[in-house]
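Student: Each chain, letter by letter, is given below.
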Amino acid sequence: MNRYPLWKYITVAIALVLGFIYTLPNFFGESPAVQVSSAKVTLKVDANTQARVEDALRAASIAHDGILLDSVGVKVRFKDTDTQLKAKDALERTFNPSRDDPQYVIALNLLSASPQWLTAMHALPMYLGLDLRGGVHFLLQVDMKGALTKRLDSTSADLRTLLRDKKLRHAGIGREGDRIVIKFRDAETRNQARIAMGDNVSELALLEQGEGEDLRLVATLKPEAEKKIGEFAIKQNINTLHNRINELGVAEPVIQQQGADRIVVQLPGVQDTAKAKDILGRTATLEIRMVDDSPGALDAGLAGNPPFGTELYTERGGSPLLVKKQVVLTGDRLTDAQPGFDSQTQEAAVHLTLDSAGARIFKDVTRDNVGKRMAILLIEKGKGEVVTAPVIRTEIGGGRVQISGRMTTTEANDVALLLRAGSLAAPMDIVEERTIGPSLGAENIERGFKSTMWGFVAIGVFMILYYQVFGVISTLALAANLLLLVALLSLLQATLTLPGIAAIALTLGMAIDANVLINERVREELRNGMPPQAAISEGYERAFGTILDSNITTLIAGLALLIFGSGPVRGFAVVHCLGIMTSIFSAVVVSRALVNLVYGRQKKLTKVAIGTVWKPGTAAVNTKEQG
Amino acid sequence: MEFFRIKNDIPFMRHALKFNIISLITFLASVFFLATQGLHLSVEFTGGTLIEVNYAQSADLEKVRGALGKRGFSDYSVQNFGSSQDVLIRLPLKDVEGSAKQGEQVMEALNADAPGASLRRVEFVGPQVGKELAENGALALLIVVIGIMVYLASRFEWRFALSAIIANLHDVVIILGFFAAFQWEFSLSVLAAVLAVLGYSVNESVVVFDRVRETFKKVRGLSTPQVLDHAITSTISRTIITHGSTQIMVLSMLLFGGETLYYFSLALTIGICFGIYSSVLVASPLVMWLGVSREQFITQKKAVAEGTTDDGACV
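Chains as they are written, first to last, in the numbering used here: chain P, 497 to 1123; chain D, 17 to 331.
Hints were generated in silico from the structure; no laboratory data involved.
Computed from a predicted structure; not experimentally measured.
It is possible that some hints are incorrect.
When the alpha-carbon atoms are kept at most 25 Å apart in a straight line, the in silico BS3-like pairs for lysine-lysine are as follows [unchecked claim]:
#	chain 1	residue 1	chain 2	residue 2
1	P	773	D	234
2	D	110	P	771
3	P	773	D	23
4	D	117	P	641
5	P	641	D	110
6	P	679	P	718
7	P	1103	D	110
8	D	117	P	771
I would like the entire structure built from these sequences, with the hints used as guidance.
Tutor: Okay, here's the thing in structure tokens:
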């Protein structure tokens, strides 16, 4: 009754071998490396780049321990951190000759030092969280309302163009809170406008209001449009963050959406939080608006009384100017921005490329406003700055725009970078920040490791003393549990944090429960006078129901933590839940397989080494001496 | 080795009332501390900034305080953390814009007036996030309670589910009571520990209840208290050894885990100690008073049969 069919042994053996293989990479440690990846979407890192890296290193006579090309970029290993730093400088010089316009990201990294065949079968070391490797974690809140307002502003500009194209006269278009209100003088025009808008702008829900002379059409964003705009804003912001973080040179940045309106940014190894924050926090957007040059208006504005619908700004040169609040174009319409020179004056300039809608609007505006001035504003953190306010000389079509005037080459580079790195679709605030120094990370690993190790040793010693052979088997099963858990964590590349290590320790502490239950049951059956083979079988059978029950209740708690937890709690919950699964397998199947191997083959088993089985009424009897 | 040489069933149920009065008193004391002192919530829940710095020599806390005071910080707390070289600085929330920058401002202040500090860790949590964490924590607790009750009710009987959850919630309140009484810091990882304990000590009740059910079915002619006594006595050795083993692990974390795991393992220690007590000596009497009897299992036998341990099937 205590024999497993061959396939069960094989299953256990395979599980353990796989567990061993996937745990293995964790023992090799990491070696310092430099990673070269592309800072631009258009630039691909390929075998050529790899050759260039090799040449550059040879030229600088720096020895490396291996070079590797993967989907992220070219990675080169070095024997120590000194060489790594030297190599980084050398590569930086070769790949980014101009500091202002980096083409490649050269970042320090750590690579697993495990042999190639392990890496080839995706056996990687556990993915360490920031609290173990050091780095910065930001949680950014995206201001969705801001995104919607911006969209409504640009939509109302679109509507104005549309109505003019259709030659429909209105008495004013404006945004009031979260709706656009268009005034009409007669019902007929309003009707036509409504049809025209319904045909052209699908994202608006239209409502007719007012009567007599004061007729209004109130447009609000449809819920699905709002949702889409929100999703787009997040996506756009994530893209922008990617571009900006590339400037920082971080090896493995994590930029992810969390919930409906938050973005998580994790920068392992980055210590300079101030710079990271500065770069993340730059919320520059571009706006093109018209300048109000009507006589007397500027003087009124300077006197603190600007005409309705205008704002006072100061140009880069220092001269004040009045800019209309109505936005002609925003950075959303921008597809590219490159620094360059004006072909006629040889002044530094930024060349902008607009998308098709932007190009159309720009063409219309320039056609209608020849001779007037147009202001190009950079809006950073709610504050605007007029970069330049050129006079429109002719109609500009084709969506290619040039900004020039009073800019140095460096400024042109900066503006282009800021604009190209993308404008954020919506403003963001940092709502959570965590910085962990590298020394603390290393300490945390050591603490977690020590706790687990000593706890494990103590439990093992106790189990072996108390349950003898069954104690050895229980301890082996517990070791198998640890092996499988670490293998699973490595395989899934789940993030391991300090609470995660605590969960490993705790899971082991709790997992021994199953073995204690089994061993106690076996002892009890022996006490009741059952023959050893039957007692083993009975003990396992009876304990199983209890083990299942108790693990399911623990699992319920673990799942609740996984669903509702965030940050450190989540790290704990993931390991805890996985640990419950592996502990059921190892405590029931692995330990049973071991017991069967040891005792199952003996037909006439008379004694079982499970420690002293005490029987009421008699003196203590050691099972070894039992008849 | 055999620690537990028990001849007859220990008459636990005779003292049921005493056990429950003891735990009622502990419970009320915990509620008292929770109500009067409240929990010392960590930055994660309240929002604010926490900065840990390390000095090469023993840190001069007065100097650090002075440096912060000079820069116009208010309501800050400065204390040693783990060792005399590590300093923990806590700052309350300001307006969002200001708070996100406090980390750098503090480092500037320290570099100017209390030099030699190296930054170990900064944690900043905005007000909204803190509120959400607290809400999610409460929600997680609720889901765990409901989930366990539903599971136990379907697996056993409503009486068992109710008494197990009462006994274990009372553990949770006692852990919280300790944290309130000693003003230990209640952080997210302590919350994780509390929930883990909840799932874990329900185990204990499950093991005892399993035995109760088995004894009711197998042995005739025992009164309910006798059945309960028998179930507790025959599982007591497993209870102590299991909890002892878990406690060994927790102790190891308490000793080697450093400051970060300290309160986590402290919460687990309290939870494990009271978990044994309550799930055995509080849950069982509750089941008895709720009127559990043999008939419930005889009539239920068919309905429950597929899930239960198959008695004697393998003999």
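Student: Broken hints, numbered, in rising order?
Tutor: Numbers 1, 3, 7, in rising order.
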